[in-house]
Amino acid sequence: QQQVKQSPQSLIVQKGGISIINCAYENTAFDYFPWYQQFPGKGPALLIAIRPDVSEKKEGRFTISFNKSAKQFSLHIMDSQPGDSATYFCAVSGANNLFFGTGTRLTVIP
Amino acid sequence: EPEVTQTPSHQVTQMGQEVILRCVPISNHLYFYWYRQILGQKVEFLVSFYNNEISEKSEIFDDQFSVERPDGSNFTLKIRSTKLEDSAMYFCASNREGNYGYTFGSGTRLTVV
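Which chain is which? The protein sequence lines are A and B, in order.
The opening position of the first sequence corresponds to residue 2 in the working numbering, with each subsequent residue numbered one higher.
The opening position of the second sequence corresponds to residue 6 in the working numbering, with each subsequent residue numbered one higher.
Simulated from the structure, these hints should not be mistaken for lab results.
There's no promise every hint is true.
[Said to hold, decoys possible] No more than 30 Å apart at the CA atoms, straight line, and that leaves these computed lysine-lysine pairs for DSBU-like:
1. A/K72 / B/K47
2. A/K72 / B/K83
3. A/K72 / A/K59
4. B/K88 / A/K58
5. B/K47 / A/K16
6. A/K43 / B/K62
7. A/K16 / A/K58
8. A/K72 / A/K58
9. B/K83 / A/K59
10. B/K47 / A/K43
11. A/K69 / B/K88
12. A/K43 / A/K6
13. A/K69 / A/K58
14. B/K47 / A/K59
15. A/K69 / A/K59
16. A/K58 / B/K83
17. A/K16 / A/K59
18. A/K16 / A/K6
19. B/K88 / B/K47
20. B/K62 / A/K69
21. A/K58 / A/K6
22. B/K62 / B/K83
23. B/K88 / A/K59
24. B/K83 / A/K16
25. A/K6 / A/K69
26. A/K59 / A/K43
27. B/K88 / A/K72
28. A/K16 / A/K43
[As the list claims (entries may be wrong)] Label pairs and their in silico Cβ distance ranges:
29. A/G61 / B/G21: 20 to 30 Å
30. A/V55 / B/Q19: 34 to 44 Å
31. A/A96 / B/E64: 36 to 46 Å
32. A/I19 / B/N57: 42 to 52 Å
33. B/S71 / A/V55: 17 to 27 Å
[To be verified] Cβ-to-Cβ under 10 Å is the rule here; a few derived chain A residues that face chain B:
34. Q7
35. F67
36. T103
Bear in mind that the values here come from a model prediction, so they are computed numbers and not experimental data.
Every residue gets a Cβ at the ideal spot worked out from N, C-alpha and C, and that includes glycine.
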């Protein structure tokens, strides 16, 4: 059973552009929604996370938008840089587990 | 910054052999996890461990798999009789509270030949 659906599968953005990745979930018991960044050969690294009691969280160039009623959340990367090129995973968490989306491979073209 | 440490970084084993993957979670963390990632695919939950017992496990975590915290620092994943399809990156993670703040190690690449 897929706990969270992520799109798009891949994304190509020009340097300075905005990258947007979307996720949707079904189980309303989830109460923590992180985004992870993964470079080849490395483990997932926490990028930014949000709890369902807020609709938006911003850290530097990274923003999570959260729509509780629609059960959707998205990652926005402003002023995208070539160094942002990586695979991004959304995730949902309930008690004692964390479920990942299928990942989005982001390529930022100089 | 505290890290989750995994060893070895790469393990090659013959089909049918037993392997043990090792992890040292962050010292004040209480919850421990194993995940796997088949090349190019998503990160899949295997098992969570708290208070010296399994809290939850996925369908992937069958009788071939076991976990153990043999001492106060190590957390191990054992695969009893490896199969070709066990080839993947295996990530250990830990957190202090069960719902958030997961920190992942750099992974062990397991290759079964």
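Results of checking the hints against the structure:
| no. | hint | verdict |
| --- | --- | --- |
| 1 | A/K72 / B/K47 | holds (21 Å) |
| 2 | A/K72 / B/K83 | violated (37 Å) |
| 3 | A/K72 / A/K59 | holds (19 Å) |
| 4 | B/K88 / A/K58 | violated (43 Å) |
| 5 | B/K47 / A/K16 | holds (26 Å) |
| 6 | A/K43 / B/K62 | holds (24 Å) |
| 7 | A/K16 / A/K58 | holds (23 Å) |
| 8 | A/K72 / A/K58 | holds (16 Å) |
| 9 | B/K83 / A/K59 | violated (40 Å) |
| 10 | B/K47 / A/K43 | holds (14 Å) |
| 11 | A/K69 / B/K88 | violated (42 Å) |
| 12 | A/K43 / A/K6 | holds (23 Å) |
| 13 | A/K69 / A/K58 | holds (14 Å) |
| 14 | B/K47 / A/K59 | holds (25 Å) |
| 15 | A/K69 / A/K59 | holds (17 Å) |
| 16 | A/K58 / B/K83 | violated (39 Å) |
| 17 | A/K16 / A/K59 | holds (20 Å) |
| 18 | A/K16 / A/K6 | holds (27 Å) |
| 19 | B/K88 / B/K47 | holds (20 Å) |
| 20 | B/K62 / A/K69 | holds (27 Å) |
| 21 | A/K58 / A/K6 | holds (21 Å) |
| 22 | B/K62 / B/K83 | holds (14 Å) |
| 23 | B/K88 / A/K59 | violated (44 Å) |
| 24 | B/K83 / A/K16 | violated (44 Å) |
| 25 | A/K6 / A/K69 | holds (15 Å) |
| 26 | A/K59 / A/K43 | holds (25 Å) |
| 27 | B/K88 / A/K72 | violated (38 Å) |
| 28 | A/K16 / A/K43 | holds (24 Å) |
| 29 | A/G61 / B/G21: 20 to 30 Å | violated (49 Å) |
| 30 | A/V55 / B/Q19: 34 to 44 Å | violated (51 Å) |
| 31 | A/A96 / B/E64: 36 to 46 Å | violated (18 Å) |
| 32 | A/I19 / B/N57: 42 to 52 Å | holds (47 Å) |
| 33 | B/S71 / A/V55: 17 to 27 Å | violated (40 Å) |
| 34 | Q7 | holds (8 Å) |
| 35 | F67 | violated (15 Å) |
| 36 | T103 | holds (5 Å) |
In summary, the numbered hints that this structure violates are 2, 4, 9, 11, 16, 23, 24, 27, 29, 30, 31, 33, 35.
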